[in-house]
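Sequences are here, hints too, so could you generate the full structure?
Residue numbers for the sequence shown follow my numbering, so the first one is 27 and each next one is one higher.
Incorrect hints may have been included.
[To be verified] For lysine-lysine, the following DSS-like pairs were computed, each having C-alpha atoms within a straight-line distance of at most 27 Å: (1) Lys149 / Lys224; (2) Lys230 / Lys267; (3) Lys266 / Lys230; (4) Lys290 / Lys245; (5) Lys290 / Lys230; (6) Lys245 / Lys224; (7) Lys290 / Lys267; (8) Lys245 / Lys266; (9) Lys245 / Lys230.
Note that these hints are calculated values from the structure, not bench results.
On a predicted model such as this, the values are computed, not experimentally measured, just so you know.
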Amino acid sequence: MLLFPGKVIMGLDSRLLKNIVLAATMALFPGTYSSTYAADGRATSVEPRLLREFEPRFRASVLRGWRSFQTSFAGDGLACVHCHLDHGTMRHWAGAYPKVEVFDGTPYRVKGLRQVVLEALEKHTDLSPEQRAALAEDLVAYIAWWGDGGLVTPGRSRASPPAAEDLARLRSSVERGSGLFQRRDLGPCGRCHHRGEKASTPDKTPVGGAAATFPRYVKSAGRVMSLEAFLSWHLADIGKKGYSPEGSVVTDLAAYLVSLAGGKRLLPGGGRNGAGDQHDE
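Okay, structure coming up:
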């Protein structure tokens, strides 16, 4: 179900769009809001940028994700928006992953946001794996748009602090990712990349803040990608095939990169100017 055409959305103020989405959803689906996913109470003064300010292909991905978020892909007619009515809660999701997330019997481990989206689609839709994968990147882009301008807070997506064991598992994932960054059979990554925000030498690309610019359109790949999808593609592109976006290697690398971006502003779509292709290689 599409509530508003894309041409109208691109010109709307972000705050106005948020209010319209919430009001329209409440009117269309009264009584369906689940308190399980209620707002966490954290206030934020930062609103997402207008959609027209983003790189066009990323903007199109956000709009597709918005449509999918409101559409049922199951026989019971339920859609994402039925349980996630308060989009204010979503403001904190994109900057928190990878993190430990478990729901509806899904495995207890560190996961990227893309994996959590895929798990939700598996549990609550009738789609095939291929169909779920086709929706995932756009849904991640939509969620990230709501978080635009917020802080990257690894492991913390709610007002209440995460369990100590959750944070311990995330720290272990970050430590493994740091080791993978220097592992020879993966490049090593440190051969071409520097972990800081500024290049240590002219031949090294800094990745200190790179995670905060995803998801975004990657020119060399020709599509919008979440951080995990990009890492999987990039490894394959340099001859290191077989690393799934949901696999432990990619998840740990992503956790490490997000830790480097901790405390920075989330700027999906490639940063303020929307180009942001400096970390493609």
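Consistency of the hints with the structure:
1. At roughly 42 Å between alpha-carbon atoms, Lys149 and Lys224 are farther apart than 27 Å, so this suggested pair is violated.
2. Taking the CA atoms of Lys230 and Lys267, the gap is about 23 Å. The hint holds against a cut of 27 Å.
3. With a CA separation close to 20 Å, the supplied pair Lys266 and Lys230 stays within the 27 Å bound.
4. Pair hint Lys290 plus Lys245 holds up; C-alpha atoms about 24 Å apart against a cutoff of 27 Å.
5. For the given pair, Lys290 sits about 21 Å from Lys230 by alpha-carbon distance, which is consistent with the 27 Å threshold.
6. Restraint check for Lys245 and Lys224: satisfied, since their Cα atoms lie roughly 22 Å apart, inside the 27 Å limit.
7. Our distance criterion of 27 Å between C-alpha atoms is broken by Lys290 and Lys267, whose separation comes to about 31 Å.
8. A threshold of 27 Å between alpha carbons decides the hint, and for Lys245 with Lys266 the separation of about 20 Å falls inside it, so the pair holds.
9. Proposed proximity of Lys245 and Lys230 is supported: the alpha carbons are some 19 Å apart, at most 27 Å.
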